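From first to last, the protein sequence lines are chains A and B.
Heads up, the first sequence is in our numbering, so the first residue is 257 and it goes up one at a time.
Heads up, the second sequence is in our numbering, so the first residue is 333 and it goes up one at a time.
No wet-lab data here; the hints were simulated from the structure.
It cannot be assumed that every hint is accurate.
To be verified - Partner residues aside, some chain B positions facing chain A, computed with beta carbon under 8 Å:
{"no.": "1", "residue": "V524"}
{"no.": "2", "residue": "A525"}
{"no.": "3", "residue": "Q527"}
{"no.": "4", "residue": "R529"}
{"no.": "5", "residue": "R530"}
{"no.": "6", "residue": "L534"}
{"no.": "7", "residue": "Y551"}
{"no.": "8", "residue": "A555"}
{"no.": "9", "residue": "H559"}
{"no.": "10", "residue": "I580"}
{"no.": "11", "residue": "P581"}
What you are looking at is a predicted structure, and each value in this text was computed from that prediction instead of being measured.
The C-beta atom is built at its ideal place from N, Cα and C for all residues, glycine as well.
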Amino acid sequence: MKTHTVLAVVAALAASGAVSPLAHADRRQNSLAADVAVRHRRLLVKNRFEFAPLFESTINADFRHVLGGGAKLEYHLGDMFSIGVIGVASTSLDTKLVDKIVPTLMTQQEKQTMVGNGVNVREPSRDEFVDRLNTMPFHGAAYLSLTPWYGKLAAFGQAYVAFDFYFQAGVAFAQLSSNCPVTICSDKFPGTSHTIKNPDGTMDTVPADLNPNNDPPLNDGSRVGLYLGGGIHVFLNDFLALDLTVRDYAFTDNPSGADFNADLFVSNADNRFLHHLFFGAGISVMLPTAVKRTP
Amino acid sequence: MIVVLAAMAGTAVAQSKKKPAKGAKAPAKTPAPAPAPAPAKGSGDDAGEIEMNPDDTGAKGAAAGSAAPAGAGAGSGSSAVNPDEIDMGEPEKQQNDLKADLAISGNTGPVVATPIKKTPLSWQDIVVVIRKPFLKVRRTELFPFVGTTMNDNMIRHYSAGGELAYYLTDVLAVGVEGQYFAHSFQEPYDLVARQARRLPTLNEYKWSAALDFHYVPIYGKFAILDHKLVTWESFFTAGIGAGESEVIPRDTKFPGFTNLLIMPNVGASMRFFITKWVTVNLGIRDYIFYDHFEPRNRSETMFATAADAKDHAEGSLINNLMFQIGVSFWVPTSFEYTTFR
Chain A
257 MKTHTVLAVV
267 AALAASGAVS
277 PLAHADRRQN
287 SLAADVAVRH
297 RRLLVKNRFE
307 FAPLFESTIN
317 ADFRHVLGGG
327 AKLEYHLGDM
337 FSIGVIGVAS
347 TSLDTKLVDK
357 IVPTLMTQQE
367 KQTMVGNGVN
377 VREPSRDEFV
387 DRLNTMPFHG
397 AAYLSLTPWY
407 GKLAAFGQAY
417 VAFDFYFQAG
427 VAFAQLSSNC
437 PVTICSDKFP
447 GTSHTIKNPD
457 GTMDTVPADL
467 NPNNDPPLND
477 GSRVGLYLGG
487 GIHVFLNDFL
497 ALDLTVRDYA
507 FTDNPSGADF
517 NADLFVSNAD
527 NRFLHHLFFG
537 AGISVMLPTA
547 VKRTP
Chain B
333 MIVVLAAMAG
343 TAVAQSKKKP
353 AKGAKAPAKT
363 PAPAPAPAPA
373 KGSGDDAGEI
383 EMNPDDTGAK
393 GAAAGSAAPA
403 GAGAGSGSSA
413 VNPDEIDMGE
423 PEKQQNDLKA
433 DLAISGNTGP
443 VVATPIKKTP
453 LSWQDIVVVI
463 RKPFLKVRRT
473 ELFPFVGTTM
483 NDNMIRHYSA
493 GGELAYYLTD
503 VLAVGVEGQY
513 FAHSFQEPYD
523 LVARQARRLP
533 TLNEYKWSAA
543 LDFHYVPIYG
553 KFAILDHKLV
563 TWESFFTAGI
573 GAGESEVIPR
583 DTKFPGFTNL
593 LIMPNVGASM
603 RFFITKWVTV
613 NLGIRDYIFY
623 DHFEPRNRSE
633 TMFATAADAK
643 DHAEGSLINN
653 LMFQIGVSFW
663 VPTSFEYTTF
673 R
């Protein structure tokens with residue numbers, strides 16, 4: 257009896273499920289419901305090359321702002337998807353934080369004098385602090401882009417412009433540079449003990465100095481990581497657009513070149529996966545310059 | 333809007349086709365007179381005029397229809413519509429031909445001096461504009477929001493607050509806001525202390541309140557994935573207010589002190605219309621103020637008390653840039669248009 261009841265309920269549910277779509281199909285619907293949102297729309301990106309000279313700057317950099325210029329080259333496969341590459345050559349400026357810290361630090365000479373007098377100085381000298389900071393002379397990305405939103409706006413009831421929002425994801429790459437001279441970054445065996453040969457021929461073991469301030473920063477070289485971006489095109493006409501983007505180049509880095517994990521020496525373990533946020537502004541040139549329209 | 337424009341345009345075209353259709357229906361009931369060479373549209377005294385009133389259409393259509401060719405009368409205006417009779421192509425072209433209309437009006441006979449009557453000469457002269465889907469005038473916006481600091485990599489403030497704004501017009505509003513702050517320290521705060529052996533001098537924000545003015549110069553819409561249309565607008569804010577900050581002592585054995593701050597603010601925000609009484613707002617606000625920080629070299633013999641430290645505080649102009657997001661509720665929850673569609 258119980259089995260029969262269960263079967264009946266299942267059958268009823270199945271029947272209601274089968275009937276329900278039919279009922280929906282019979283319901284009268286406006287033909288616009290299944291239509292596209294916009295007709296006779298200018299296809300401002302579809303099947304067009306986009307070349308955009310641009311300017312980029314870091315947002316909230318800890319120690320050094322990265323400012324640079326470059327270009328973006330993108331091909332729009334359709335109305336929504338595109339592929340592209342971006343490359344930016346940059347210079348670096350110290351942040352306000354660095355400007356505030358550095359004057360409070362000792363000079364290298366003052367520190368050496370104190371160390372010579374047997375004082376254990378744990379803070380870096382000015383040179384040890386500044387020379388270990390790295391820069392980013394070049395960075396870029398290769399990415400896929402999705403443009404799910406497009407529209408138009410009226411400014412002050414006068415200027416009517418089209419715009420679209422896009423989101424990007426891909427592979428980031430960066431070239432990092434740090435130039436700490438051997439007079440500052442003088443520890444050849446950071447964090448490890450080593451042996452030296454005495455004048456009499458005997459060998460001595462020198463323990464690790466436990467001073468991360470004279471270790472090489474290990475924060476230069478090439479990096480590959482994750483790229484994420486989001487931005488807006490504001491079309492000035494059929495082929496020129498203002499391109500505003502926030503980009504995140506995420507890769508392993510140690511911007512200060514100092515001991516991060518508090519093991520009293522600098523190693524690759526002090527590098528960590530960091531987000532490098534940039535704001536970019538450019539002018540996009542769409543080629544060919546003529547646009548087509550949707551039906 | 334384009335869809336609605338297209339729909340409205342379609343409506344207008346459909347109406348224009350009804351006129352000759354009714355005209356064609358009339359001859360079907362009565363014996364049709366012999367076809368005259370006069371054109372199907374704009375014939376007689378109403379040359380070049382487009383009639384919008386369906387009641388008049390029948391009579392005029394009958395007059396015109398008597399002279400209309402059968403093709404022009406395709407599509408019945410009666411309730412019994414035969415879909416096969418509706419022709420969406422040719423008549424539309426004829427009726428939209430301004431040159432033809434002008435030529436017709438010029439060939440109907442000698443010009444008679446009559447008072448100037450402003451009438452549209454073509455359907456192209458009719459502009460259909462969609463109404464704004466959301467009106468704000470004389471409505472009150474209750475905007476609870478949360479926010480976070482964007483431009484301080486030592487200390488991050490989180491805020492929870494609200495704003496009450498009254499829209500004097502559809503683009504101008506006046507409001508009051510208030511928010512309460514909490515904070516957390518960022519990685520560089522620890523890093524600088526550990527690596528450079530320096531303790532950052534920081535203040536935390538406690539609360540703020542302001543009188544704000546909003547101006548809405550940008551209005552737009554966008555389509556999501558080519559199907560869903562969303563309307564939005566962008567507005568600028570300027571305000572004046574007050575707030576309070578408190579010094580975070582570098583050495584916890586010394587007391588901190590508070591500062592009362594004069595806080596003008598400017599900002600830019602976006603508003604997305606969800607329903608007639610709910611919107612989603614997000615934006616950036618810059619709170620500008622002159623803050624006072626703990627003096628350097630504070631010790632048991634120097635600036636030890638809060639009053640002494642405050643007297644020797646170091647000042648600095650601060651831009652506290654905050655990202656804010658929230659959901660607005662509008663009262664009254666509905667509105668009426670003041671103009672006809």
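Hint by hint, here is what the structure shows:
1. V524: This interface hint holds because 7 Å falls under the 8 Å limit.
2. A525: violated (11 Å)
3. Q527: Since chain A brings a Cβ to about 4 Å from B:Q527, closer than 8 Å, the hint holds.
4. R529: Where the cut-off is 8 Å and the nearest Cβ of chain A is about 4 Å from B:R529, the hint holds.
5. R530: holds (6 Å)
6. L534: Hint on B:L534: violated, closest Cβ of chain A at ~12 Å, above 8 Å.
7. Y551: Hint holds; B:Y551 Cβ to chain A Cβ min 5 Å, cut 8 Å.
8. A555: Since chain A brings a Cβ to about 4 Å from B:A555, closer than 8 Å, the hint holds.
9. H559: holds (5 Å)
10. I580: violated (16 Å)
11. P581: For B:P581, the interface hint is violated, since the closest Cβ of chain A sits about 18 Å away, which is over 8 Å.
Violated hints, listed in ascending order, are 2, 6, 10, 11; each of the other numbered hints is respected by the structure.
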